[in-house]
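J.: If you want the building blocks of each chain, they are given just below.
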Amino acid sequence: MEKENFETKNPELIFPEGSGLVIEEILEKYGFNSADAKEIDKIMDSMLGINRISPEEKIKILENLAGTKIARLLKEYADGNISLESIPLRLEKELNITKKDAAQMTEELKERIFVFIKPIKKIEVPFTEIPQTKTEIPTFPTVKPRISPDKKDTYREPIE
Amino acid sequence: MVCYNKSMLVQKIKNFFFSFKRLNKKSAIFLLLISVVFGLTLFILPTNIAYAGWDFWNDIIDFFKNFGESILSGMIGVIMTVLIAVSQLLVILPTLLLNWVLSPHFISVSFTHNDFVLQGWQIVRDFVNMGFIIALVFIALSTALRIREFEAKKTLPVLLIIALLINFSPVICGVIIDASNIVMNHFLKGVVGEDSIWENLGEQYTKLWEEGWSEDPAKMLAKGFAIVMFNLVSSIVFLIFAFLFMARYVILWLLVILSPLAFFCRILPLTKRIWSMWWNQFIQWCFIGVVAAFFLYLAQLLLSKNIVSEGPSSEEIEGISALFTYMVPMVVLIVGVFASFSISAMGAGYVRKAAMGAGKWAGRMSGGAVRRIPAVSRAEEAARRKLERVPVLGRAIGGPGAYEAGRKAKMETATKAIEKIPDTPQGNKDILKRISQPALTEKDRYARAAAIEVLAKRKDLTDKAVKFIPEAQKLEANAKTIYQARPDFAPHLTTIDSVTKKPRAMTTEEVMGKIEPAEFYRNIQKEALGNSDVVFYAALDERKFNQMTRHMKVEQKREFKNTFFSAPAPPRPLTKKEQAIMKRRIKDLSTSPEWQV
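Going down the list, the sequences are from chains E and Y.
Mapping of the first sequence onto the working numbering: position 33 corresponds to residue 33, and the numbering continues sequentially without gaps.
Mapping of the second sequence onto the working numbering: position 83 corresponds to residue 83, and the numbering continues sequentially without gaps.
Just chain Y, with the same shape it has in the complex (with noise of 0.2 angstroms):
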């Protein structure tokens, strides 16, 4: 390759032009009026091209128009024809799924009426026949004891209801079954029937082939892009969809199997609870299918009707146009997907895991296509979160923040009912109990984030929360309130670093330098006091200590006195000047009067 610098490049054009001094005048005319005519028709023939006298140059000015856009719309067409073809190999496995799962041959049997669940519904009920015969006894010593909350007045009348009911309860459950089947199946008719998902897409892929080559670049490359988009988008949500509808019939069957043992635990106040989570889970499970199914459906007839490009067009519209057609349907899909998981069905989020994990490995199996997308190879949170940023998606499920702003949510709602609780010590060992309880869903485990947020604001947090607190961290319960009441709970909170970027352990010393002097006394638990760490940072903060001195109460105090003097060691070797705060320290506990305690 010939390198030209700047001042050869100037030689160059000089030369070129004092050639035509060489010219002789003739010449020099003809070419002059040749570059004239050659550049009015390029100028102002494409103004007045409706003129039949132009039709020679039309013709030439068409072919090369012609020409660049036919090899511009080829290249173009390639590239979107291999991407497209990629990723509808990756949207097939789930359709395929989807169809056959949604579809009457996936399994034939009823939910209630079936060998596996009937007989495992009569251990279970046999099982139970013979809780029938404790709860008896128990209701009776109860009657003897005057336990009111036992009493055979208030349970017995139950117990024989129960009794009854249970012998039905495959025929309750069966009921309930079908009325949400009658629904979702109304809804899949339409996503599984002629006028199928797969069947609008096959339809779109073939107008895509046909008139691909005819269309405008611009055109064809927004047409392409949404259509990898969509597929890429729909292979997960078919994927989780499949996963659903597959746990929906397993898990219905196994609340079936369980419903006499549920009935039965209707029966006592102290098993209540067990009921009313079998039967939120019970009407969840049955539910989410007709929720997965309306989207599914409204995705379909979506891509059947066209709608955007249905309207008036121009130019300009019809390239957003094409884009639409294949975003609003993937939108309403995804939207989907949230809803069905917001119903909180218990398992239901381990299902949209699996089919995420599934559709990471399809993606590393079909050349790490799908790796590029952060729904697929991450976890839930990181999914979403890498979602609310992208523009289309993003405002679909809120836009960014959306993820934390609906935890906060939550949270708050969590907060809200359990400061009902009365800030009494009976009402803190309840909210306690809360914490110590098992949570079996999403719901329960604000509630015990809450709790936690709660008992710290009451300085009544104990130890019995510590293993509980990273959880009740990312569930948005304020950190601050915790490490206020209690500081040593420090190690157990997290924090990002400012250095590596990265969430690591917080420590006491950090929480406590984070802490103002004045809301230090305010809030700190006496039990946090019992921490060598947490009296060792208070007594190096003077500020902290003079406010201690004049406001913490007695109670606080001597805890604190006893905690310094029976410290074994500082948490770290102390500096000189350290040293001489504590000097001071130990001076200030012996003359100041507020501490002789």
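Chain E on its own, in the form it takes in the complex (with noise of 0.2 angstroms):
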């Protein structure tokens, strides 16, 4: 059995202890919370048998709960994927609220847990666009000539 490396990309991350609860508290005085917790009453209602959700359906449902989205704009920043500028233009997009609403809330979350996150590395680069899919498309390297464009190519037939 292969042997799976563990180990997290940004291994010094730790976030402060309660950020889920200061995320929960943020929710809760944009009047997130109540939609949240309506789904969350999905979930459990699946596993007490009380209604059928696929496992897929459960996770879509946690992914796009308003919680979910502001933990993994934490988990981004902190691994350096994206820079604290781009936050509230993320936010504002992602829970549809508006930019002040926004902005309020990238402060709040600034104060209280982007100061104690060292990302792995900065982005000075600030961020514009939402990327439409998560999926990266791979780069392909430019084919480059074999033979430099000084020496004669011995196999090519003469242009007449």
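Derived from the structure by calculation, the hints contain no laboratory data.
Be careful, since some hints might not be right.
[Said to hold, decoys possible] One side only, chain Y facing chain E, incomplete, derived with CB under 10 angstroms:
1. Val466
2. Gln547
3. Arg550
4. Ser566
5. Ala567
6. Pro568
7. Ile586
8. Val597
[Said to hold, decoys possible] Below, in silico cross-link-like pairs of lysine-lysine (BS3-like), each with a Cα-Cα straight-line distance of 27 angstroms or less:
9. Y:Lys583 / E:Lys60
10. Y:Lys553 / E:Lys58
11. Y:Lys480 / Y:Lys561
12. E:Lys58 / Y:Lys526
13. Y:Lys416 / E:Lys42
14. Y:Lys429 / Y:Lys416
15. Y:Lys272 / Y:Lys464
16. E:Lys110 / Y:Lys553
17. Y:Lys553 / E:Lys69
18. E:Lys58 / Y:Lys576
19. E:Lys118 / Y:Lys561
20. Y:Lys526 / E:Lys60
21. Y:Lys410 / Y:Lys467
Being a predicted model, the structure only gives us computed values, none of them experimental.
C-beta atoms are modelled at their ideal positions from N, C-alpha and C, and glycine is treated no differently.
Need the complex rebuilt from these two chains, each delivered in its own frame; the hints are there to steer you.
T.: Here is the structure:
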């Protein structure tokens, strides 16, 4: 059996204790908690056998919760995938809130969580666009001719 | 029967003393004088017994003394005679059986040159000769394909030597068997000869018969008890030895028949293990007889020389020496049995069990006298555990807890050997192979149990090991290490129920309760987090969940999350409080950045 590498991308990554509770408090302030609670009840009912939801659907519900979206932003920031400056825009688009609310929310998150996180690398370029899809399109290297232009290609037919 | 209460008794005593008032003075003085003289006779006379003038009183005292002793000795003598007779009946059959098995009349044919062995050996040899062609092709292909392990350079010389030796395998086996038989017969001569163990026993019985009535009751009791114990233990031991010597003949024949195949297996590295197994078994079965014969010889020597009673004796020591005359040879016989079986020859365990079974049957047939001895009516483990608690025997085999300590020591040695294999994917693969290989000897079983423990420590214990977990636990493999890595294996582990005091399977909930939160995330194997019960009980425990949130690795978290959401239903109905906890966990999995994996 192959031994898997369990190490995280950022070995020093430690979020301040109770980050989840801070997010919950902020969400409550902006009125997201009741919506999230309803969705969580759906998952819970399925666990108790009251309704039937497939595991994939449960994960989907979880992913769409406001709390999950904020927590993921924190994780992405800590992993060095996004900059602090790009967070208001992400919040605005993902939670569908006003610019003002997004800025305020970011400020609160910054004060209570972000300041304690040491990201892997600092991203200088501000984030401008939300990626449409998570799948990364691999970039292929441009194929260069093997023979340098100054050398004569002996196998090439002369153009008449 | 007349019953007196306390007040009535007091009245009676008062009446007795007040009746003296009715006597006249002369009669009273006469009665007093008689009492004083009688009292002095009783208390002073025994100390001045040598005085010639007191012979008459001496005779009277001696008469009463001897009369009491004679009645007591007589009663003990009768009881002991009956007990000894019963126990002697039990020892006769095993003794005769052992005498017959050890005698040259039992099997007069040779170990290697008899019709049965020769015909069997020829069939196997012809079969192996065909195998040589296949081996040659295999070596040729390996050489062509450059598989270094089987290259001609390495394997061809061995093949040629073995091809020659196979034809001489009965001779080689014969030499080793003869060597062991020479040593064995040297000891057995003393055991079955003129001064045999049963002749000595017979002499001791006769002595007891002749001297028994005149001896001190305490000495008689001690000697009688020792003889009964010796008879019971020796009947079992002789039966075991008889079965062992019988099995030795048959197994050595079979091993000689299989010798060409074993020699052939020596050629290729792949089959070398079969050769070593055969070789070990052959040597062990040859020399198991030597060990058994040696201890039988020692026991016989102790009985014939009567070592303890020959020393300086006093009244007090004599009683104990009578006990030791039988106890010491008995201990030697028991040690002999364990020493013979510690050689761990394959099948020796079955011989012992068969002898124990026969002992049990014999006990039932003789009115259940033997049934009271734990060693007869129980299997090896229970018997040993009980024997450990017996004062004299227990010490001989290491005292209470020796059986468990012995197993722990064996387990420790096996674990150390397995731990030498490097903790790499390939190393762990090799360890896993050991688990799936058949365990034929006790050593193999310990190696398998150790392999399970080591893989659990290395968090690489796969489902392949599941069926061997009960055996590993029996052989003292650390159950905690196993369930810490794989709590999902809990139903394969056993525990003693606190209420019924009987063994029962453990539950996942139980083992999850035993694992400390800090130990959980450190030792849990990723595969265990694929079990919905494990994930459920981990989620219910807030401390465990918090530790997991802070410290668990990404891959493990991913597995936990997947199982958490794909579990069809909790293992048991949830209480209101538990429902609230589970809801909290869903929230935690949503809002904790650590769980965004």
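J.: Could you run down the list of hints and mark each one as holding or not?
T.: Going down the list of hints, with the structure as the test:
1. Val466: Since chain E brings no Cβ nearer than about 15 angstroms to Val466 (chain Y), farther than 10 angstroms, the hint is violated.
2. Gln547: 12 angstroms, violated
3. Arg550: Holds: closest Cβ of chain E sits about 8 angstroms from Arg550 (chain Y), inside 10 angstroms.
4. Ser566: Given a least distance of 4 angstroms, the restraint on Ser566 (chain Y) holds.
5. Ala567: 7 angstroms, holds
6. Pro568: Where the cut-off is 10 angstroms and the nearest Cβ of chain E is about 8 angstroms from Pro568 (chain Y), the hint holds.
7. Ile586: 5 angstroms, holds
8. Val597: 8 angstroms, holds
9. Y:Lys583 / E:Lys60: Between Lys583 (chain Y) and Lys60 (chain E) the Cα gap is close to 17 angstroms, so the pair holds against 27 angstroms.
10. Y:Lys553 / E:Lys58: Holds, because 23 angstroms separates the two Cα atoms, which is no more than 27 angstroms.
11. Y:Lys480 / Y:Lys561: This hinted pair holds, its Cα atoms lying about 25 angstroms apart.
12. E:Lys58 / Y:Lys526: Holds, because 22 angstroms separates the two Cα atoms, which is no more than 27 angstroms.
13. Y:Lys416 / E:Lys42: 52 angstroms, violated
14. Y:Lys429 / Y:Lys416: 17 angstroms, holds
15. Y:Lys272 / Y:Lys464: Answer holds: Lys272 (chain Y) to Lys464 (chain Y) is near 25 angstroms, not above 27 angstroms.
16. E:Lys110 / Y:Lys553: With Cα atoms ~26 angstroms apart, Lys110 (chain E) and Lys553 (chain Y) stay inside 27 angstroms; holds.
17. Y:Lys553 / E:Lys69: 21 angstroms, holds
18. E:Lys58 / Y:Lys576: 22 angstroms, holds
19. E:Lys118 / Y:Lys561: 26 angstroms, holds
20. Y:Lys526 / E:Lys60: Distance of about 23 angstroms is within 27 angstroms: holds.
21. Y:Lys410 / Y:Lys467: 21 angstroms, holds
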